[in-house]
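> Chain residues, written in single-letter form:
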Amino acid sequence: MNEAVQASATSAIRLVGVSKSYRKGGETVHALSDVSLDIGERGMVAIVGPSGSGKSTLLHMMGGMDEPTEGDVIVAGQTVNRLSQQELTRFRRQTVGFVFQTFNLIPNLTALENVALPMEFNGVPKAARLARGTSLLERFNLGQRLKHRPRELSGGEMQRVAIARAVANEPRLVLADEPTGNLDSRSGQIVYELLREIARERTVVVVTHSEELAGLADRIIHIRDGQLLDAELADPRVSLATAGR
Amino acid sequence: MSMVTLGVRNLMRSKPRLLLTAVLIGVPFFLLLAMQSIGQAVQKQADVLTREVNTVVQLRARGSMGHVNMTSQDRILPQDVLAKAGAIEHVVQVEPYLLAMAPITPPNFVMHVGLAPNALKRLESHGEAGNPRIIAGRDFAPADAGQDVAIIGQAYAKWAGIKAEDIGKATLTVDTTRTHPVIYAIDRPKRELRIVGMYASGYVFGDQQLFLPIDTFRSIYGTESGISWLFVRVDDVRNVAGVIQRLKENVGEVADILAPENAAAFTSSTSRNVIQLSRVGGALAIALMVVVVFFVLLMQVRERSREIGTLKAIGASNKGVTTQFLAEAVGLTLLGGLFGLVLFKFAGEALTGRLFAIGIGPFLPSQYKPLFDSLAVGSDISFPLVGSVVLTALMAAVLGSAYGVWQATKLSPLEAMKDE
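Those protein sequence lines, which keep their order, are chains L and C.
With my numbering, the residue at position 112 of the first sequence is 112, and numbering never jumps.
One gets my numbering by counting positions in the second sequence from 1 and adding 1000 to each.
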């Protein structure tokens, strides 16, 4: 086990010298430049930065949806960028849960079926996944909406279903990309409180434009032009970050 | 919610689109079934003709066509030939026929054929074989023996002004005194026959005959005994040569013995051409089906790329995504197949003849045009037919969706963020 992986044994997420660049219109764009970062177990971390700063790219790396050009991304002890396609699928199924800005619920499935879907991918028996799905939706005050399809739900309700889906397989990490971007302030507040609630049991990383909402996080990471600016410790449970500059 | 169920439920997202796609896939299915039906009908016809011709030997009076009123061709076989031929080993059936010609305008003629009610309706102009089918009215029954009834060919009926809806009520008067350059008069009373059925044979001159019970024929033409043609059916094609030898020995002095193999070869080659053309048509129909599935699935993948990305982001494997789209494609093609089957069941018989005329007709010699109207195409839905539809649907689904599915598996989970 190398040093980075060893260190990550106590971290939920560890990025070591991660860079990401790609060609666009004949020019090389550096989305991330030599980013190193540790995020501990449990708690809510907000990544804040302007559009194009690289915050979403950072989130995608953590979720195994994108690969770094250089460096390693280690999540829950696994070097994500070295996993095979099959291992990556298992990683996305068991280790992370995603919450999207536009909810991304499957339109022809009910709320309960949407929540049960990742559990089906994970081989959970039908009765168990329906019981857990129901329990999660009831916990998120959606007990009356089990059989409703997404078009019959409000934005805030859809995002709560999406959060239930993200935690269905009890992942160690939940990644949320602008989860309140399409919600009014009241619904956004509810969703944020929910994310804080689930962050008591796991690590939740939220990308946001909103400094106000970021202020509710245990830790804020600022990013600009693909580089981390600082790392603020808002909760002693979250490990100290090392900002790569 | 398995990926198969998810795929099938995806079909119901837009009912108008589902309906349109089912029609687009169902029409080629119908074309395929129609082409199969044409091929089978022609094959059946060819089989019957080949069997009839290859195992049947024809006897006529020596040096004569055997028509009772044809100038210098009116010698007929003595009646005892029937028993002599029937007694030969390996002969399984003997069928006597009596033939007379009747003039029609413009100066031409039709054929009146007397036969046992249960005998094969042979077509004088086409290798003395045939497989005419009744297209209106009924076939002969044993009780018709000796009755003034007849079954008329569709071309003869057209000349006589008899329509299909008149069958059963219409009559035709046989006037043996009318003449023609090669037909002489027989001084017998006119006789009115009730037309109980109309047939179509698929051959130009084959439809210009009138079949009547042989006893009725004898009564009309005054031919108390004798036979124009005697058809001798042999039990196996390998015994034909031996039977011919025995016939020569027993009745060779009075009969010409004919084994019209050329007609069989002629019929087979024409049938082969039609069957090949119908197969090409069937292959084109499958290709059309595959193209429709290809574009529909590709469109689905493009439209739902964000959803596919989401599924991958929450843990769906490429195998799962493949299963989902394959299930969707199979659902579409099965629905199209069902539509094609229903269309075939209710409109198959009416449309298949037209299809034959449009799709195969132009490639055939002009003398086969009557086939378009008279080919005995069926529209029965059998278990093997349903099985072939299901197999074709599966094949079209797999072939048509392959590229779309491949595109779907190539999509990154990042597609889930596409619009963000």
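Don't take each hint at face value.
[Said to hold, decoys possible] To give an idea of the chain C side of the interface with chain L (calculated C-beta under 7 Å), a few residues:
hint, residue
1, 1011
2, 1013
3, 1310
4, 1313
5, 1314
6, 1316
7, 1317
Keep in mind that the hints were calculated from the coordinates and are not lab data.
Each residue gets a CB set at the ideal place from its N, CA and C atoms; glycine is no exception.
> Against chain L, run the beta carbon of residue 1317(C) and see if the smallest gap drops under 7 Å.
holds, 5 Å
> Does residue 1316(C) meet its interface restraint, that is, does its C-beta lie within less than 7 Å of any C-beta in chain L?
holds, 6 Å
> Minimum Cβ distance from residue 1011(C) to chain L below 7 Å?
violated, 10 Å
> Go through the hint on residue 1310(C) and say holds or violated, using the shortest Cβ distance to chain L against 7 Å.
Where the cut-off is 7 Å and the nearest Cβ of chain L is about 4 Å from residue 1310(C), the hint holds.
> Going by Cβ atoms only, is residue 1313(C) closer than 7 Å to chain L?
Hint on residue 1313(C): holds, closest Cβ of chain L at ~5 Å, below 7 Å.
> With chain L as the partner, please determine if residue 1314(C) meets the hint condition of a C-beta pair closer than 7 Å.
holds, 5 Å
> For the hint on residue 1013(C), just tell me whether its beta-carbon gets within less than 7 Å of chain L.
holds, 6 Å
The structure is inconsistent with hint 1 alone, although it conforms to all the rest.
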